[in-house]
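Fit the two chains together into the complex; they arrive one by one in their own frames, and the hints show the way.
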Amino acid sequence: MTDMPSVEDIQRRTRRSISEDGLTELGAGMALLVVATVMFIAVVFDRKLFFYASIFPALVMISIRSLRVRLTAPRIGYAEPARTGMKLGILIGLAGLMVLGVAVTAARQLLSWRPPVWAFNWLFALLGLGGAAALYGHWRETGLRRFFVYAAVVAASSVGPALARLELGIHIAVATGASGLVMTAAGIWWLVDFLRRHPRPAESPAG
Amino acid sequence: MTAPEQPDIDRVIHEPARLAILACLSAVESADFLFVASQTGLTRGNLSSHMTKLETAGYVEVKKEFVERIPRTLLRITRRGRAALRDYRRSMLGMLRDLPR
Chain A
107 MTDMPSVEDI QRRTRRSISE DGLTELGAGM ALLVVATVMF IAVVFDRKLF
157 FYASIFPALV MISIRSLRVR LTAPRIGYAE PARTGMKLGI LIGLAGLMVL
207 GVAVTAARQL LSWRPPVWAF NWLFALLGLG GAAALYGHWR ETGLRRFFVY
257 AAVVAASSVG PALARLELGI HIAVATGASG LVMTAAGIWW LVDFLRRHPR
307 PAESPAG
Chain B
88 MTAPEQPDID RVIHEPARLA ILACLSAVES ADFLFVASQT GLTRGNLSSH
138 MTKLETAGYV EVKKEFVERI PRTLLRITRR GRAALRDYRR SMLGMLRDLP
188 R
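From first to last, the protein sequence lines stand for chains A and B.
Counting with our numbering, you get residues 107 to 313 for the letters of the first sequence.
Counting with our numbering, you get residues 88 to 188 for the letters of the second sequence.
Chain B extracted, bound-state conformation (with noise of 0.2 Å):
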């Protein structure tokens, strides 16, 4: 008997707080930390350490820019980062349409 197929889910987004990151991140140009953290209820390193894996996964850019001659971390979510949120919200509802009543 074979083992059943797991779904295809990105484990990557599916980690709540990194999940709730690219959310927010998706409704403005770009933010920086302090406005991603108040948003999501992340503490600062928290907020680093998942920044960490959504810039390795290509999910996100960070940029140091200057916003008003005051120099600024900007975070900033790419176009394979949108992509993999639209995907990922997609097999997550395909999962939950596909659940035996």
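Here chain A stands alone, though its shape is the one from the complex (with noise of 0.2 Å):
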């Protein structure tokens, strides 16, 4: 290497490494399908399963981590991404959500106030938009452009459903299940193109 690297381009071409296995968007995609099936199962039959909505989309996280080890790390390496913007936006969402949370019990319990039913299909469709510019933001950062896709998907589905007034349930159900479909078959077609593009290196002869 003797020509000065261009540190913007390396930094970009490294991030975008971390996310071109499509396990990411496999994860997350899973992870809402199973907050879809669990609302579609809340509002056609009335069993509430929120325990498994809360906890499956974590193991699948896990899972997906586990993956990245045993098939992209023997291919191009293994690392861990930077968390900094991630962390950030985590700890303004729980703000956010608590702020709100102690803001409306305040409200009901002073004031006897109760919110509009529909205040509850836009607050979801708030945290839908969040979700949106997470992924814009990931595009922003990759240059992948199917994440662009994926926050205008998301974008699509959290606020279409609000608009049309659609009941809560049906509502996370759809923004969930559409989003989820797409991102899960996505995330199988860049896996499956990751894996052709870069064979496992064959194991050195013993010895």
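The set of hints was computed from the structure by calculation and includes no laboratory data.
Watch out, some of these pointers could steer you wrong.
With beta-carbon atoms standing in for the labels, derived distance ranges [as the list claims (entries may be wrong)]: (1) B:Gly145 - A:Lys154: 53 to 59 Å; (2) B:Leu180 - A:Val205: 37 to 43 Å; (3) B:His101 - A:Leu272: 58 to 64 Å; (4) B:Glu148 - A:Ser218: 54 to 60 Å; (5) A:Ala209 - B:Arg184: 46 to 52 Å; (6) B:Gly145 - A:Val298: 41 to 47 Å; (7) A:Arg306 - B:Glu142: 26 to 32 Å; (8) B:Glu148 - A:Trp219: 50 to 56 Å; (9) A:Ser172 - B:Lys150: 33 to 39 Å; (10) B:Ser135 - A:Val205: 48 to 54 Å.
Here chain B is said to cover these stretches of chain A; the calculated rule only asks that three of the stretch's residues, wherever they fall, bring their Cβ under 8 Å from a Cβ of chain B [said to hold, decoys possible]: (11) 115-123; (12) 265-273.
Built from N, CA and C at the ideal position, the CB exists for glycine as well.
So this is what it looks like as structure tokens:
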């Protein structure tokens, strides 16, 4: 290496490499599909399985990490993505939800005020838009166009049902189902493409 | 007549391979040798030699950790390394700005 490298190009290419295996969207997609299935069962069969909606996504993300170690790492090496943006995003999101929860509870107790039903639809739509913003940011960082597409799908599927004034359970099922289907299918496609482009290196002979 | 003052460039970072290594590590939390080698195009031997210089300068740290019960040697840029990369970028931009047209 004799030419001075572009620091920004290398950083962008590095972040892109971490996400090119398709496992990020596969994990997120599967977690969303679980939430969609639980909401669908709750709406159609009146069975409340919210416990699974809360723990299964975490199990999926852990499995994806394990897949990354066993499939991706032998081919292009292993890297932990930088977490600064995500930590800040989660912190802001949790703080916002806490403030909102305290405000709504206080209003109900002190003023006997009940928020209108549509407010919860738009709260969920806001959460969806937050997710879309995170995916958009990931596109800007990596240059992987498919994350822009995911952002658009998540934004549309979160806001559309709110505009259509669907019942909250159906809204959540539609939004998470649509986003989950698209991201899971795309994740499988990109994973197969990645495994085809990066065959596993041959084992070195013993001795 | 006094000799002109040499610009203050960090010679550890100024080497293209080491600049590429630091650029790669600055974009991740940590990475193993294979990942850094695949991103920078360096051979493992070359990478190892440059890593030693960066580690001696305190810009990177090398740690053996278990990831999913598999032992890995992970490379990580230190705070000092990030600051040095930032200062290097600033001095290079300053030098280019001062160049006559």
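| query | For the pair A:Ala209 and B:Arg184, does the Cβ-Cβ distance stay inside 46 to 52 Å? | reply | The hint (46 to 52 Å, Cβ to Cβ) holds, given that A:Ala209 and B:Arg184 are roughly 50 Å apart.
| said: Just to be sure I understand the hint, the distance between the Cβ atoms of B:Ser135 and A:Val205 should be within 48 to 54 Å; is that true here? | reply: holds, 50 Å
| Is 50 to 56 Å a correct range for the gap between the Cβ atoms of B:Glu148 and A:Trp219? | holds, 55 Å
| Whether chain B covers the segment 115-123 of chain A (at least 3 residues having a Cβ closer than 8 Å to its Cβ atoms) | holds (count 7)
| request: Confirm or reject the claim that A:Ser172 and B:Lys150 have a C-beta distance inside 33 to 39 Å. | output: Violated, since A:Ser172 and B:Lys150 (Cβ atoms, about 21 Å apart) do not stay within the stated range.
| task | Could you say whether the range 26 to 32 Å given as a hint is met by the Cβ separation of A:Arg306 and B:Glu142? | result | holds, 30 Å
| field | 8 Å C-beta test of the segment 265-273 of chain A against chain B, three or more residues | value | violated (count 0)
| Are B:Gly145 and A:Val298 spaced within 41 to 47 Å by their CB atoms? | With a Cβ separation near 43 Å, B:Gly145 and A:Val298 satisfy 41 to 47 Å, so the hint holds.
| query | Measuring from beta carbon to beta carbon, are B:Gly145 and A:Lys154 in 53 to 59 Å? | reply | holds, 55 Å
| said: Please check whether B:Leu180 and A:Val205 have a Cβ separation lying inside 37 to 43 Å. | reply: holds, 41 Å
| said: Holds or violated: the 54 to 60 Å window for the beta-carbon distance between B:Glu148 and A:Ser218? | reply: holds, 58 Å
| query | Between B:His101 and A:Leu272, does the beta-carbon spacing fit 58 to 64 Å? | reply | holds, 60 Å
Of the numbered hints listed earlier, those contradicted by the structure are 9 and 12.
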